[in-house]
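The listed protein sequences correspond, in order, to chains A and B. Numbering of the first sequence is given in the UniProt record's numbering, commencing with residue 1 and proceeding in unit increments. Numbering of the second sequence is given in the UniProt record's numbering, commencing with residue 1 and proceeding in unit increments.
Think of the hints as simulated: they come from the structure by calculation, not from any bench. Some hints could be false.
[To be verified] Across the chosen pairs, the derived CB separations fall in these ranges:
| hint | chain 1 | residue 1 | chain 2 | residue 2 | range |
| --- | --- | --- | --- | --- | --- |
| 1 | A | Q493 | B | T543 | 23 to 31 Å |
| 2 | B | E507 | A | K122 | 30 to 38 Å |
| 3 | A | V253 | B | K540 | 44 to 52 Å |
| 4 | A | S151 | B | E507 | 51 to 59 Å |
| 5 | A | H183 | B | E335 | 51 to 59 Å |
| 6 | B | T490 | A | Y574 | 47 to 55 Å |
[Stated by the list, open to error] With a Cα cut of at most 27 Å, we get these calculated DSS-like pairs of lysine-lysine:
| hint | chain 1 | residue 1 | chain 2 | residue 2 |
| --- | --- | --- | --- | --- |
| 7 | A | K278 | B | K562 |
| 8 | B | K716 | A | K284 |
| 9 | B | K562 | B | K115 |
[What the hints assert, rightly or not] Just a sample of chain A residues kept apart from chain B, beta carbon distances all over 10 Å, derived:
| hint | residue |
| --- | --- |
| 10 | S101 |
| 11 | H114 |
| 12 | S174 |
| 13 | D246 |
| 14 | P354 |
| 15 | P495 |
| 16 | P503 |
| 17 | T543 |
All C-beta atoms in this analysis are idealised placements derived from N, C-alpha and C, irrespective of residue type, glycine included.
2 protein chains.
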Amino acid sequence: MKTPPLLRLTFILFLIILLFTCSWYSLNLPVFSDPPKSITSWLGNSKSRVCAHLGSVLETGIHKPRDHMEDVPHHPLDPLTMQEIYKARTILSTYPPLLPSFPAIHSLSLEEPHKDLVLKWKEGDPLPPRKALVIALLNGQSHVLSVDLDSGLVTSNKINHGSGYPMLTMNDISVAIQVALSHKELNKSTIKRGISLSDLTCITPSAGWFGPNEEGRRIIKVQCFSNQGTPNFYMRPLEGLTMTVDIDKKEVVKFTDTGGGIPVPKGTDTDYRFKAQKEPPKMKPINPISIEQPLGPSFTVEDGHIVKWANWEFHLKADQRAGIVISRAMVSDSETGVPRSVMYKGFSSELFVPYMDPDENWYFKSYMDAGEFGMGVTALSLVPLNDCPRHSYYMDGIFVSWDGKPYVQPSIICVFERYAGDSSWRHSEIPVNGFNIREARPKVSLVARMAASVGNYDYIFDWEFQTDGLIHVAVSLSGMLMVKGTPHQTADQIPNQEAASGPLISENLIGVVHDHFITFHLDMDIDDTNNTFVKVNLVKEETLPGQSPRISYLKAKRNTAKTEDDARIKLKLYEPSEFHVINPSRRSRLGNPAGYKIVPGGNAASLLDHLDPPQLRSAFTNNQIWVTPYNRNEQWAGGLFTYQSKGDDTLAAWSKRGLAFMASRNRAIENKDIVLWYTLGFHHIPCQEDFPIMPTVSSSFELKPVNFFESNPILKAAPMFEKDLPVCRPATSS
Amino acid sequence: MKTPPLLRLTFILFLIILLFTCSWYSLNLPVFSDPPKSITSWLGNSKSRVCAHLGSVLETGIHKPRDHMEDVPHHPLDPLTMQEIYKARTILSTYPPLLPSFPAIHSLSLEEPHKDLVLKWKEGDPLPPRKALVIALLNGQSHVLSVDLDSGLVTSNKINHGSGYPMLTMNDISVAIQVALSHKELNKSTIKRGISLSDLTCITPSAGWFGPNEEGRRIIKVQCFSNQGTPNFYMRPLEGLTMTVDIDKKEVVKFTDTGGGIPVPKGTDTDYRFKAQKEPPKMKPINPISIEQPLGPSFTVEDGHIVKWANWEFHLKADQRAGIVISRAMVSDSETGVPRSVMYKGFSSELFVPYMDPDENWYFKSYMDAGEFGMGVTALSLVPLNDCPRHSYYMDGIFVSWDGKPYVQPSIICVFERYAGDSSWRHSEIPVNGFNIREARPKVSLVARMAASVGNYDYIFDWEFQTDGLIHVAVSLSGMLMVKGTPHQTADQIPNQEAASGPLISENLIGVVHDHFITFHLDMDIDDTNNTFVKVNLVKEETLPGQSPRISYLKAKRNTAKTEDDARIKLKLYEPSEFHVINPSRRSRLGNPAGYKIVPGGNAASLLDHLDPPQLRSAFTNNQIWVTPYNRNEQWAGGLFTYQSKGDDTLAAWSKRGLAFMASRNRAIENKDIVLWYTLGFHHIPCQEDFPIMPTVSSSFELKPVNFFESNPILKAAPMFEKDLPVCRPATSS
């Protein structure tokens, strides 16, 4: 039974090396003197056979990998190209304060030009100076560097003196796992559970911040799972086993094993891969179905990033931290056809995911996924036909690995036209009125999508643009639950079910209750930057005696938010409001100010104690809506340095409400360039249906024109006619 | 300029006759000795040319009209066939208490068999006795009659002694309009406004109930609009002009004209018909796009009403009052494939639409559309390709006109498979964990849809069934606003904008603020009828000192509702719960009870004073959720006799909360056959984009399995493969 420990360790190390060379693109980029034309094809050529046995990529379509080495920027907001990244790296590598050892690059991306430069820029103009914003760690210090690519100079180098560390790199994660796997106590714990070290897969929950105990050093947690017999190791936790690793010192600073007696769940039927399914589901099969556009899609993507469709135009890119970013969204005026500004920039600024278990092995699970791991860096290639429909356009991400070199994350955004069989408006007229009318118009929209796989969880972000001017922003959750091992096989074995941190979702597995909060940064610029936030409150009025047979009615009362305090909103069903961002100086012909309103859909609020460390750090979820004056340094609701931060650089801190003992900023927001922040929340009490992989759950909000157009902008839209629709036949294989 | 009044009146009467013979099918059915094979084709042959100039039906496809004369019932819940309706009429016409004059038939539809009979029935069994439930008005009395079609006997005849009258008939509406149009004072009012009587189109807002003033007689309001130059007469109100008509006495009992000085709006650019558009909208055209299924849809409709698709099976029908009705919804068990009951019956029981203006001409506008007008009776044929996608199946409604004769409302329900490019689950695995996985599954669902045009407003009802067991119920609003004339052309002319009952949405037009509340009757039968309602409250817990670095966490606490009081729910963002209907005796292998939860989406609550007459009658909107024990007489949240009712037979009355001076029923609901009621609300503050026709606005809720399945029921679902998808080419015309 027993293999000598040394042999086993050698095997593990081999495995680790194999894993990392086969996998994360950034980890195995050679030092190019002549960079390859396509990273994907390079990977494909050299590694595919070695890696094949390790996983399975659903092959339902092939994209042509694009060559990005010749990319040049066309727009002030275009992400850094591969050549620009190499250039920035070269500049950094000769910058004296960083010598002699090259720092770990935690972020290297476009330093967006000042807004006024971007707004002034017109197609054909020379680009504003191209700059890289670099976050680097050197000797335990976080540097924020500004690199001017034109002059070749580092123009700014600031060291972070606040709390927190930069976003983790893949190297941090792999170091942490290697350190943990090499820890001598681990072997005893795995043997105790009957698991072989070689069957371990370990993950790296962020440590959070919980007081002075772990301050002053970069700490991460490592927890392990058995992957024996299943790639869905998430369902096979080695419960109770947590290693706290000092990433920089490369040592386990705390080893906890409280899991005695909790078996590793068997993992039966947890493999969700198609190739592992032995029989079809017990339901009638569904015939092939597809959104078809034989004349092709109606949108164009110009210069790599400018999407134009129907009456919309916007800049689209993938950012390593934010994921999908929509910029300069403009919609054509329905009267003149002239593009009008709606939103300068929209993206998910932070994701807060607190788990509801105070246990030693669980309390720290209060992820801030964007700032800790990155929503772009964890977005992998979308699966054609299954993540996105036929006729989708796929966009790559150009990201930077910890050694400062660029890599291509292929096909992480898709753009497609959606037609779901719905109507954008309709009316039929009962002939009793003298008009026998039946009119309806199909609803076709444009979707830009990205899916981030932050470890176990998948977040699908959809930005959907409608011809009536509405932007529908949806987040869909799928992937795997974060589960907790339990000695119990059935619910009635659990002595006090209410004491468990969630329901039993499979034998020996508790689905721990948790929340998800996605905070969007919505820099609305309605027509221009001079905007105002108006709450339109619906208030019950009582009639006067004798005035009317009615006793009550509602009245819409407009309240202009003068300062940030006026715009901190907790949604209340029984105190309803509309929330408008208007341009007070742009009036319709009737005199109504042009505006957009944010329309919440289903939502959930954080109920944690405001002084609880995770909530302190994520105090930006204390309201569903905030409005701040535009400040280019206020992009990240959870702070620029989120990892292990105390919450001293967050939306809630910038916009601090006045208390007796602290200075209140409560900045003016009327007639200003303002940013709207909206938090979309989910409570998740798991159930058996979430095992072993969760059916998608969605929620959304809308940005909707209010007196922005003079009238319904799609009044003149044409219906669909049979004669125009595609002629289709079954596939040859059917 | 002036035509002699008599000549004009003759013309008007001719017009009225023309309108009614051309239009409402029920009004011009001849007395058949040999009924026609198809009402639609009959209408088409005899009237189409006469009617052509009166309106325009968007011709984007043709359905084959179905012959319903040979229809026979196959299922206990199948609606009455045409022959059964004729038979019921014959039985009624010889029933002595109704002699000699045949009553006005306000409703004649299947009296659904007792639930136990339906549940016991199996395919192949003889049907339980077929009965008609008839609501008829005779000499001012409302009769509820039960007609046994087998024995040919009227087995029950009850007279309504409570408040309220039956649903209006088309005859009531046309009588009211004729009476109003013939009223001598009308001419003066129209001339004053520069409008010709021949250009009037009048509508019949229900009168509501506002105390003893209008009690004891059937009263309706009539208001008129100018249709000159536009079929969108709704945008041309003769503001301030209201006639109160006694429907049975055929007289105007009150004539109000308070509209002096309010011009009739010009109606410029209000014609929304495609043929009236002179130019395309100012946007890039959208290429043809379609949901294609060259092997056809995957669902079947058996015996006219049983829909089977993937793992779902349900009975589908159109009801004259409720509109679309889903019965006996069953989903296959994912382990055994055996169908399991989810919902016995689901439909929209009432729609409450209060307008927010206490003015003499507006206070009464507090519609209860289902009980006053009927959601089925106002559902007209859906427009192929524009209301529903290609490959839709269309279902007709067989309804009964006021003379007791059947008529066909063709194609008022469509059924189709939806694929919108989304995924039903997905996960990709960062290769750092040793597995390079990208798996996703397309989401295909089945939609059953109906669109009711209750005068100006259109309500689209979607029941969407997903393979993961989820039912998504959506209501989408479109059509025309109910607008109020104003002397003002621009907002700055309005002396006190806040005093107006809504924003200016076009010259001389106020979009009056209003609400919509759609109350669903959801008779959940999870596995069988023995069900329990459980609130799973998420409650903040504090940790003990030293217990954990965390201060707080959430705990899911299950609370079983013993009685109706426990299940009256007002949704609160900061007091969140899940709402489960479970079968306590059906346990998963882990011991969790099988259940479904109702998942609210965006919602709005009624804020009217509880003593305000409209709110008294619609007190069922005082909570978003109610649970009642099943009672076959409790189908209509607004009461069986809604019209002019006082609210004495509503959900709120049946389930009355205990007060000192009134008997509380507060019935037991634990381990019972229970019905869940959910109200979906919208606040609507209009804006210019809603003019002249509103872009669709949607909201929804979900019924979602919770430990109903042993695990994710679509784990084994296949992905889409390119080789299976249709091969399409552009249409010849493109």
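Verification of the supplied hints:
1. Q493(A) <-> T543(B): 23 to 31 Å: holds (25 Å)
2. E507(B) <-> K122(A): 30 to 38 Å: Holds, since E507(B) and K122(A) (Cβ atoms, about 36 Å apart) stay within the stated range.
3. V253(A) <-> K540(B): 44 to 52 Å: At 31 Å between Cβs, range violated.
4. S151(A) <-> E507(B): 51 to 59 Å: 58 Å Cβ-Cβ, so the 51 to 59 Å window holds.
5. H183(A) <-> E335(B): 51 to 59 Å: violated (42 Å)
6. T490(B) <-> Y574(A): 47 to 55 Å: violated (34 Å)
7. K278(A) <-> K562(B): violated (45 Å)
8. K716(B) <-> K284(A): holds (13 Å)
9. K562(B) <-> K115(B): holds (23 Å)
10. S101: holds (24 Å)
11. H114: holds (31 Å)
12. S174: violated (6 Å)
13. D246: At roughly 18 Å from the nearest Cβ of chain B, D246(A) sits farther out than 10 Å, so the non-interface label holds.
14. P354: violated (8 Å)
15. P495: Non-interface label on P495(A) holds, nearest chain B Cβ at 13 Å vs cutoff 10 Å.
16. P503: violated (6 Å)
17. T543: T543(A) not clear of chain B: closest Cβ-Cβ about 5 Å, inside 10 Å.
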